[in-house]
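Given chain A, put chain B in place with the hints provided.
Protein sequences appear in the order of chains A and B.
Each residue of the first sequence is one higher than the last, beginning at 74 in the numbering used here.
Each residue of the second sequence is one higher than the last, beginning at 169 in the numbering used here.
No lab work stands behind these hints: they were computed from the structure.
Here a beta-carbon is modelled for each residue, glycine too, at the ideal position from N, C-alpha and C.
Where hints are given, some of them may not hold.
Distance ranges between label pairs, derived from CB positions [to be verified]:
#1 330(B) / 110(A): 16 to 24 Å
#2 88(A) / 306(B): 17 to 25 Å
#3 259(B) / 95(A): 38 to 46 Å
#4 111(A) / 513(B): 38 to 46 Å
#5 111(A) / 444(B): 35 to 43 Å
#6 259(B) / 96(A): 38 to 46 Å
#7 428(B) / 95(A): 40 to 48 Å
#8 111(A) / 478(B): 37 to 45 Å
#9 139(A) / 222(B): 39 to 47 Å
#10 486(B) / 97(A): 43 to 51 Å
#11 136(A) / 201(B): 20 to 28 Å
#12 486(B) / 136(A): 49 to 57 Å
#13 111(A) / 463(B): 38 to 46 Å
In case you want the letters, here they are:
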Amino acid sequence: MCYAIPGKVVEIRGDVGVVDFGNGVRREVILAMVDAKVGDYVLVHAGYAIKVLDEKGALEILQAIEDAISLAGKDGGQCL
Amino acid sequence: MEPLDRVRAVLSKYRDPALARKLVQKIWETARDLSRVRIMHVCGTHEWTITHWGIRALLPDNVEVRAGPGCPVCITPASDIDVAVGLALDGVHVLTYGDMSRAKGSRMISLEDCAAEGGRVGVVYSFMDAVRIAASNPDKEYVFLGAGFETTAPTVAYFVLKGLPRNLKVLSAHRYVPPAVGLLAESEDLEIDAFINPGHASTVSGMRAYKPYFDKCGKPMVFAGFEPIDVLVAIYMVLRQLRDRAPRMENEYVRSVTWEGNLKAQRALQEVFDFEDGYWRGVAIISESAMNFKEKFSQVDARRAYGLEHGRGDYFPSEARCAEIIKGIIDPPDCPLYMKTCTPSTPVGPAMVGLEGTCRIWAQNRILVKDIRCMSGACGLNREARS
Chain A
74 MCYAIPGKVV EIRGDVGVVD FGNGVRREVI LAMVDAKVGD YVLVHAGYAI
124 KVLDEKGALE ILQAIEDAIS LAGKDGGQCL
Chain B
169 MEPLDRVRAV LSKYRDPALA RKLVQKIWET ARDLSRVRIM HVCGTHEWTI
219 THWGIRALLP DNVEVRAGPG CPVCITPASD IDVAVGLALD GVHVLTYGDM
269 SRAKGSRMIS LEDCAAEGGR VGVVYSFMDA VRIAASNPDK EYVFLGAGFE
319 TTAPTVAYFV LKGLPRNLKV LSAHRYVPPA VGLLAESEDL EIDAFINPGH
369 ASTVSGMRAY KPYFDKCGKP MVFAGFEPID VLVAIYMVLR QLRDRAPRME
419 NEYVRSVTWE GNLKAQRALQ EVFDFEDGYW RGVAIISESA MNFKEKFSQV
469 DARRAYGLEH GRGDYFPSEA RCAEIIKGII DPPDCPLYMK TCTPSTPVGP
519 AMVGLEGTCR IWAQNRILVK DIRCMSGACG LNREARS
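Only chain A is shown next, with the shape it has when bound in the complex (with noise of 0.2 Å):
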């Protein structure tokens, strides 16, 4: 039930909003708890925006871990 999917915010009313999930899957969401303009990408779970989806986050830990992994020597990734 912890699920939640990524979408895009395309309309604001007031709480309520419009999110696109790709595919022609539009639903109206609560965006009350989080502080999200039209663009922001949201995970939404159960028809609540819990988070404005942290997209910069999402690419540098990814490069950490790459930079991590393709260290030399078997004790690398101290920056992950």
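Quick look at chain B alone, frame taken from chain A:
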């Protein structure tokens, strides 16, 4: 590239096989310096990721990942299901989530079963749907059976603060995860060395909610996301902490989890609920884990309105080993009912019903025996790492 596609492109990297292979190599190298390691996660969605992607088969023999009580449907007290069934048969319209409606109470009757006997039961996707249904049918009486962790409970709190339609009450079976991790960390029959903490429950509670329990047990806690790379990185982080004898709270899921968490959601929960002792079916009574309505919200509290007890006691069919599976002591194939009388289409215990139940996840991924070793090319990689 369309913005949504950009996000998808980022997420697809979290399924990159080449990266996964390198991570597995790191896991094997790190585990070589360790004796037996038992890691527990407490989230059904993590169990899905681990089982669906066959992650256990990629791990060295001395690294075990166990599924703890991370399925809200599974831990909802049988007595709460019983009272919801009673209300539905008495003419109250009971609304709940789809899988919750199929979980059986102590009399082996679910809400879905009682609907066949004239019980009034409706399934909703979110609490917002329940509010709409009640508002558009003002002459009918509704009760929402609210199960779920701190991920799910904030929508209920939000609408309660806004004001519910008069004909809608909530039977709150909501539970708070951090105290459960604290209890599992101290459990002698589990002997857990480290935890992978839930990604979305922790997005709401923040990592700091686990700090008192981390301070007490001093065991590694890694907060992880739900893609296969997320879980592999989390396992690697745990092993590295254990190897370095430097346990800490570490965040793998930085794109969602923060130290503070979602403050608006936390404030809504604190405003609406008291955090009291609560029963987790199959597990124990866990202090400060039940979200019960504060007295000033009596008018929406179905327990007060209908004079219902808080969920207590337990019941599982004889021979079923649900309790041990929910707590993470045994695996589904250890239960004599698993995939014999208890299947996804004929569920007996709650762990075969809940979308996040361990039995349901193992069954849907056709896992019939324990200790499956991977027969794919990935095993060749394992052998290389072993040598």
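State the violated hints by number, sorted upward, taking the hints as numbered earlier in the document.
-> 7 and 9
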